[in-house]
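2 protein chains.
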Amino acid sequence: MSSNSLRIVPIGGLGEIGKNMMAYEYDDQILVVDTGIMFPENDMLGIDYIIPDFQYLINRRTKVVGIVITHGHEDHTGAINHVMDEIDAPIYATPLTRGLLEVKLARGGHLGKANLNTVKAGEKVKIGVFEVEFAHVCHSIPDGVALGITTPEGLIVHTGDYKFDHTPVDNWPTDYAKLSEWAGRGVLALMADSTNADTPGWTPSERRIEPAFDQVFRQAPGRILVASFASLISRMQQVAKAAYDHGRKLAFVGTSMRENAKMATKLGYLDLPDGLVIPLDDALKMKPKEVVLMCTGSQGEPTSIMGRLAAGRNRQFDVQEGDTIVLSSHPIPGNEESVYGTINKLFQRGADVIYDPILPVHVSGHASQEEMKLMIHLVRPKFLVPIHGELRHLRQHGKMAEELGIPAENIAIVENGTIIEFEDETMRISNRIPGGYVFVDGSTVGAVGPAVMRERETLAQDGFVTISLLLDKDLKQRRDPEIITRGYVYKGDMASFLVDIDEVVDETLEQNRNGRSRQNGHDLEKEIEQAIRKVLASNSSRRPQLFVHVDIV
Amino acid sequence: MSSNSLRIVPIGGLGEIGKNMMAYEYDDQILVVDTGIMFPENDMLGIDYIIPDFQYLINRRTKVVGIVITHGHEDHTGAINHVMDEIDAPIYATPLTRGLLEVKLARGGHLGKANLNTVKAGEKVKIGVFEVEFAHVCHSIPDGVALGITTPEGLIVHTGDYKFDHTPVDNWPTDYAKLSEWAGRGVLALMADSTNADTPGWTPSERRIEPAFDQVFRQAPGRILVASFASLISRMQQVAKAAYDHGRKLAFVGTSMRENAKMATKLGYLDLPDGLVIPLDDALKMKPKEVVLMCTGSQGEPTSIMGRLAAGRNRQFDVQEGDTIVLSSHPIPGNEESVYGTINKLFQRGADVIYDPILPVHVSGHASQEEMKLMIHLVRPKFLVPIHGELRHLRQHGKMAEELGIPAENIAIVENGTIIEFEDETMRISNRIPGGYVFVDGSTVGAVGPAVMRERETLAQDGFVTISLLLDKDLKQRRDPEIITRGYVYKGDMASFLVDIDEVVDETLEQNRNGRSRQNGHDLEKEIEQAIRKVLASNSSRRPQLFVHVDIV
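Residue numbers (the numbering used here), protein chains in the order written: chain A, 133 to 685; chain B, 133 to 685.
Only true hints are included.
Identical chains share a label here; the pair holds if one copy fits it or two copies do between them.
Taking lysine-lysine pairs in the DSSO-like style, the calculated list, with each CA pair at most 27 Å apart, reads: (1) K421 with K531; (2) K531 with K419; (3) K195 with K252; (4) K417 with K373; (5) K381 with K417; (6) K608 with K666; (7) K381 with K394; (8) K514 with K531; (9) K256 with K195; (10) K421 with K394; (11) K394 with K419.
Calculated from the structure, these hints are not laboratory results. The model shown is predicted, which means the values in this text are computed figures rather than measured ones.
Chain A extracted, bound-state conformation (with noise of 0.2 Å):
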């Protein structure tokens, strides 16, 4: 491929696009955008979080001229540590962003190295051979903004999480005249959010949570727990000012939660009343209509404060008869198991529970189908990269751009790995690089890829069972078979096929004794394990994973 061509590389595996990272690449530079997690699904075995696997930044390390975050939550952000580790480029972000990316990297013990610059909305700045301009985009996190990136093959937009909001909780909508501006100089390509494509309509202000709140903290009895993502800033203003305008102290629960607050109060991004917060150990002290405790857990984390108050595992407070808790979030697609589980746990202890649809507690932050129409509208691009969702998303997002006159060979859906070339105003699917996601169990980065997810997975389905004997030299079993089986059958179910698999054996034995085919351990072990399967497929049609371990002696 030429080296004289924009190389867009998004960063992680397959299933999703350019969510947590991407790179722009020409010639012998980087410019990485956006460094994030994503959080585990049901199905992702004992896995505390997934970063994209960056190997190709790696690599490259030596080319990355910059790093641009454009917004403060996780799945932007929360990698940041890991690429420390591994990459020295300097970090763009506006200041709100800025402030929550010095929380976390001082805890992981990079903020003294990290080379960190303030960029406001509005602003561009030169990094490498692409200008970069900061366009002020809504979302549920003030501060957020979409790039404008000059390369030398033309402007890209990438929208960074985004929605129209008419009435931010902020009161700074998102920077029409900017996106219009591009759109003048033309537009090369868009890089678009389509999280919510299957969306019909318009996604409601961060407004319409108000008056839900306004209902709740009206008719609360007792304590209000509300429950959020730490990094929800705009939900934090929310909170204080229903808790403010029904005269409720307001305290924070949980460092994340504690530091975030910290730190957007400090820039002036969240305005809290002075006497509104107050320290968890003072709230659990007064009356509990005088008090809101606002956590994190909405996913049902088993971790998280409401998990653990779920399961009645938390330290500080339990949750008591009497209680409102709000869960101001909608379940992370493949949480919603553990989400309705975690409702239905808070309830059985007395709370009452109020989350959306009960109440609108909750609105998405990103935008629906006629807002993307407008972004497409407003930005007029040649190209359209649908970005951010699964592929269901994207070819909807896709659909959307035909629909608006966008010819379908200028749309590219492609998963993460798949670059996308551009050169002389020419669009080109090219070569895929190797990549997929780490995941990150315990403080073990890494050590779990697929292949042990996969044994892992069949573990869960069938169990396994291992068989050892110890044979004399005459293949006579000098003690019982040794048998350990976890997942598999009940151990009084097992017990009613050892007769059958004590037989197999001694048969098995039987005839390798008397010759006829004498065989050294190993096939002897393997031959063993055929007759047992047998065994345990006749018995219980299952297939649990079997290991036979024989010592002749």
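Dock chain B against the given chain A, drawing on the hints supplied.
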């Protein structure tokens, strides 16, 4: 407790109530309502389906005077063969429900011996001490009924699954008159469907689907595949109508789909114009634009037609470029990941996939909040027992009833297994019976209980490691430790802690050799296990299941 009381026994496990099976017990007589199955959630590993544990009924089998089935859906009929295996009692159902039960019983080899009785909506039947009246209710299958059960303690109304559809597909609205008549007689308790208790408003009519189908059928450039449940007879009617209107032939794919369609047609509940339905083989030979295939798999079940098509493992035909696939269903809670994964794969294979909310190709068959309130006002019960739903739904239902004036103490919110007792116009939450669910995995019923499920979960979290040592009498190793591991770490990574494992094993053996604490084989195993556990924890921060076996020979 008094034997002269009415005892209502919701059968099954915690987390739900009365969805699949309930029993009404008076004196020595038991009336069973419904015999359904549950579908496994994502985290129920390796399970095909789930039946309520009805040991309570098995222990009292001679007391069961009858089994009434409210409608023909799997979650109300699916366990009929399991029940027939144990209990010999007459079954009562409306004509279509009976027909669908016959299909099921024939497959289970029980049709010959089952005592099936048809009761039409509007009719009543005496079953032991109970008099049961059938009132027609709308749902997503024709011929569903609510039950008015006259007991010695009073009249109980059991809604079954229902909605108040004013324009149902079969033009047969819910029987308001009968519900009101019951109210006039005085209803002791209402047992009412709570499935959609957190959905505000009124569930749209089944008819709402028709314009969406019309649009899909007008625009589809090739074949149309509609995925739904095999027992969603109303949906079959709507697909047939759209096929007819747009000049396409219709083929039902899969045994259950075909048999149910045949039975419903025979009984007059499905109106299929002559020549509309053709065998699949014929359909596959026609031009794509001339056919519609209706098949199972709307939940992404891997063994369904749609699941096999998504995976490219269907025998008779594959998804082809230009296919339009309509998922006419919503994901059952807990199945979202698998459904959306299937959609993505179908897109990948070149199909266009239509699902709600892209177009309204499905509506719920259950009442929403305003309908639930209407049911309460129509029936005017003294007591309310919300059934069918998770705890969160039952609570919402209870809250609504309170708003309508039913005193909180007259509302019983309990989960399966808790007996509710009525005597002299009073209600009492009575004792709990043992129970739960039986997980059906492959052909083995019941071998996979909660304990095995928990083992599978644990295995799926961090995998397992087994280590077997062969020692001589001097506690010297006669061969290298034999290590088996799955789902823990990469074998390559494991190698790096083998050195540490060897070391702690040698150390432990050395200490024992030196007589510090001469141990028997069993204690030695435990000691080695502890030492290895520390090595694994310090190397990986994970806790696989660990098994150590030592032979001393």
